[in-house]
Amino acid sequence: MCLFQSIMNYFPEEVLEHVFDFLTSHRDRNAVSLVCKSWYSVERCSREKVFIGNCYAVNPERLIARFPRVRSLTLKGKPHFADFNLVPHDWGGYVYPWIEAMAKNGINLEELRLKRMVVSDESLELLAKSFPNFKSLVLVSCEGFTTDGLAAIASNCRYLRELDLQENEVDDRKGQWLSCFPDSCTSLVSLNFTCLKGEVNVAALERLVARCRNLKSLRLNHAVPLDVLQKILAQAPQLTDLGTGSFISDPDSETCAKLKNIMKKSKSIRTLSGFLDVNPRCLPAVYPVCTNLTSLNLSYAPGIYSTELTKLICHCEKLERLWILDTIGDKGLGVVASTCKELQELRVFPSDFYGVGNAAVTEEGLVAISAGCPKLNSILYFCQQMTNAALITVAKNCPNFIRFRLCTLDATVPDAVTNLPLDEGFGAIVQSCKGLKRLSISGLLTDQVFLYIGMYAEQLEMLSIAFAGDSDKGMLYVLNGCKKLKKLEIRDCPFGNAALLADVGKYETMRSLWMSSCEVTFGACKTLAEKMPRLNVEVFNEGEQIDGSPDGRHRVEKMYLYRTLVGPRSDAPDFVWTL
Amino acid sequence: MSMDTGNDLQGLEYSGSLKTELTLALPGGGGAETPTSGSKRGFSETVDLNLGTRSDDEASVVTQTHPPKAQVVGWPPVRSYRRSMMKSCKFVKVAVDGAPYLRKLDLETYSSYQELLSAFEDMFTCLTICDVMNEKKIMDSANGTEYVPTYEDKDGDWMLVGDVPWKMFVESCKRLRLMKSSEAMGLAPKTSSSKGSSIN
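These protein sequences, in sequence, are chains A and B.
Per our numbering, residue 1357 is the first one in the first sequence, and the count goes up by one each step.
Per our numbering, residue 201 is the first one in the second sequence, and the count goes up by one each step.
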């Protein structure tokens, strides 16, 4: 060790820095900074990309102090279950303080990637005006801004390369944000405004596309009609990623014919999405690009029948990623299985939330995919029913799963054939898939499934559980067994105080724990908070006793705890109690 | 506690699981009730609790007086963004008297009765919309048969298409039928030109 140290100390810092340049993953950089003080110092001064998985684990000041040269920041805010309306509206996750602090400290910010955060127009304006080299804004599942904020970005960011808005709730002020890109802006590489609900100035859009010769990715919203799409494509044959807007037209019209011709010339398109509002009879226009597609997202197009879906997919032999609706049916998945031999990721979303009785997919479709697609490593599957036998078969066919998320539309449905719990099926999955990092389970499940997860899921980092288990033992199996667990989210399970308090130190090795509608009490949460000062234990108190201290035996409806270096946050709303 | 809400639910059909049992009966399998573990809060018991409402909503429970299917907050776990995108999708069956099979169309892709009529033309290529004395009629150009578009509403009644505003129609229409004029006695539109076309 001494010899090593002196050898390493012989290298000037510039050499170390150069070596560290090759490390792009933040995990590698984190590891490297733990080796010794000098490595920590060199690493921190040279790190340009910082990833913060929980915005409340640190604060802007600490970020800037440690990484003064940060150019790219990724921040995640609300807990994952916020996606499903389980987190109250104004819980937190504001980006403004981060932007403000970086602006004040002269950070040369070029890229900002946010997920589940609250982004105000004010933040966007400050962002646009404070960082002259700002190049890339990616917002995923965020809220709080309007098209006015986008106008500020468009107007002020002279070197903007990327504006990527994915699934955000944006208040569309029907302004002319797109027209705010000055004529001098020619740097755009990626523009995605699919989630915007309002009209855009199509003339401005066409001009923008025409002058941005490096534009590779363009995803339109539903307000952009098919004839405009055709004109745009004619101007941008270099596109590799296309999201169509509205795909409705008279299929016999000249527009459709022109579109098909243009598609034949768009030889670079590898990713295709959109089809919000689609006339299925216009779909053949895209067949020319299907042969080279590696990624296809039809999951927002409920209007396409299974037969048309399969006709399209038959052309897509190079597909690696497919997002689709369950309208495809088991038969359709069979076609996917026999056509898409390169498939790595499949997501099958539900088309019918309210059980009106449209046929969904079953275990048959999943088994077919597992048998036909040897490279499959990531799946999200919403299904009507499942069986242990099917899951066992899938586990045998696909030992390479990294992400496995199964969601039965009825949360506690048993094995469709045997009526038994689905414990054995999921047990087979975790036993076979030794590299599994993310797992979501559903269906009728007892403590047994957690025994299997604790025993076999050695690489598991994220686990989502709902309406499962019989007792505290279930949760304990997981906490004791899954050494690499980072995020655990639980709803409506009979896990209580004994499980919560058995190993309080465990939570400092994890990013966060969410428990809602379980059996933990206020008193236990308090105890936990007292024992672990470096955890924020947040309890949400909606509409119940706001005043005084609640009874310790009172069951807590929602609890979210996370490790943090900076203590209780100052922006928590009234109903959030940090114990 | 959770037991009470279980009792409250007795009157409330959780039609979801029942529906599943009925439609997915496999040979030799199921048919038995969905076993729910007694000790935990069952999925069906949670159904009536409106958990995790946004703070600006009024606290509390299922507000619909007669929910067609009980819903649990946040299940299935689909992003609100996706849910709101998917809301616009209203498929109804379309039958034409004399045709051997039915079609389905998504009423949400049209914004007027005129577009709907054009869709009929698209879908049933033997049909054309003709202007007869200021009224639009659907005709089979091959044999001159006239059709009247009718629909079944939420109450199960068969109505003439075109009387109510478009959005109301989309909301209440469960299925469509192009009925032969000769059979549509009492429902066929008046031919007097004073009434004018009710299908705009």
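Don't read these hints as lab results, they were simulated from the structure.
Using N, Cα and C, we set each Cβ at its ideal position, and we do this for glycine too.
One or more of the hints may lead you astray.
Said to hold, decoys possible - Here are the simulated DSSO-like cross-link-like pairs (lysine-lysine), alpha carbons at most 27 Å apart as the crow flies:
no.: 1; chain 1: B; residue 1: K380; chain 2: A; residue 2: K1553
no.: 2; chain 1: A; residue 1: K1553; chain 2: B; residue 2: K290
no.: 3; chain 1: A; residue 1: K1471; chain 2: A; residue 2: K1793
no.: 4; chain 1: B; residue 1: K367; chain 2: A; residue 2: K1667
no.: 5; chain 1: A; residue 1: K1667; chain 2: B; residue 2: K290
no.: 6; chain 1: B; residue 1: K367; chain 2: A; residue 2: K1687
no.: 7; chain 1: B; residue 1: K304; chain 2: A; residue 2: K1667
no.: 8; chain 1: A; residue 1: K1687; chain 2: B; residue 2: K290
no.: 9; chain 1: A; residue 1: K1530; chain 2: B; residue 2: K367
no.: 10; chain 1: A; residue 1: K1687; chain 2: B; residue 2: K304
What the hints assert, rightly or not - Non-contacting residues of chain B with respect to chain A, defined by C-beta distances greater than 10 Å in every case (computed):
no.: 11; residue: S280
no.: 12; residue: T309
no.: 13; residue: S312
no.: 14; residue: I329
no.: 15; residue: R377
no.: 16; residue: K380
no.: 17; residue: E383
As the list claims (entries may be wrong) - Quick list of simulated restraints, FRET-style, between CB atoms:
no.: 18; chain 1: A; residue 1: Q1522; chain 2: B; residue 2: G298; range: 54 to 60 Å
no.: 19; chain 1: A; residue 1: E1886; chain 2: B; residue 2: K290; range: 31 to 37 Å
no.: 20; chain 1: B; residue 1: K374; chain 2: A; residue 2: D1927; range: 31 to 37 Å
no.: 21; chain 1: B; residue 1: E315; chain 2: A; residue 2: A1613; range: 17 to 23 Å
no.: 22; chain 1: B; residue 1: M323; chain 2: A; residue 2: K1697; range: 31 to 37 Å
no.: 23; chain 1: A; residue 1: A1560; chain 2: B; residue 2: S284; range: 24 to 30 Å
no.: 24; chain 1: A; residue 1: R1418; chain 2: B; residue 2: M368; range: 54 to 60 Å
no.: 25; chain 1: B; residue 1: G298; chain 2: A; residue 2: E1698; range: 44 to 50 Å
no.: 26; chain 1: A; residue 1: A1613; chain 2: B; residue 2: M323; range: 19 to 25 Å
Hints and how they fare:
no.: 1; hint: K380(B) with K1553(A); in the structure: 41 Å, violated
no.: 2; hint: K1553(A) with K290(B); in the structure: 19 Å, holds
no.: 3; hint: K1471(A) with K1793(A); in the structure: 20 Å, holds
no.: 4; hint: K367(B) with K1667(A); in the structure: 33 Å, violated
no.: 5; hint: K1667(A) with K290(B); in the structure: 23 Å, holds
no.: 6; hint: K367(B) with K1687(A); in the structure: 35 Å, violated
no.: 7; hint: K304(B) with K1667(A); in the structure: 18 Å, holds
no.: 8; hint: K1687(A) with K290(B); in the structure: 23 Å, holds
no.: 9; hint: K1530(A) with K367(B); in the structure: 23 Å, holds
no.: 10; hint: K1687(A) with K304(B); in the structure: 19 Å, holds
no.: 11; hint: S280; in the structure: 6 Å, violated
no.: 12; hint: T309; in the structure: 6 Å, violated
no.: 13; hint: S312; in the structure: 14 Å, holds
no.: 14; hint: I329; in the structure: 15 Å, holds
no.: 15; hint: R377; in the structure: 20 Å, holds
no.: 16; hint: K380; in the structure: 27 Å, holds
no.: 17; hint: E383; in the structure: 29 Å, holds
no.: 18; hint: Q1522(A) with G298(B): 54 to 60 Å; in the structure: 48 Å, violated
no.: 19; hint: E1886(A) with K290(B): 31 to 37 Å; in the structure: 54 Å, violated
no.: 20; hint: K374(B) with D1927(A): 31 to 37 Å; in the structure: 49 Å, violated
no.: 21; hint: E315(B) with A1613(A): 17 to 23 Å; in the structure: 22 Å, holds
no.: 22; hint: M323(B) with K1697(A): 31 to 37 Å; in the structure: 36 Å, holds
no.: 23; hint: A1560(A) with S284(B): 24 to 30 Å; in the structure: 27 Å, holds
no.: 24; hint: R1418(A) with M368(B): 54 to 60 Å; in the structure: 57 Å, holds
no.: 25; hint: G298(B) with E1698(A): 44 to 50 Å; in the structure: 47 Å, holds
no.: 26; hint: A1613(A) with M323(B): 19 to 25 Å; in the structure: 21 Å, holds
Hint check: violations occur at hints 1, 4, 6, 11, 12, 18, 19, 20; the rest are consistent with the structure.
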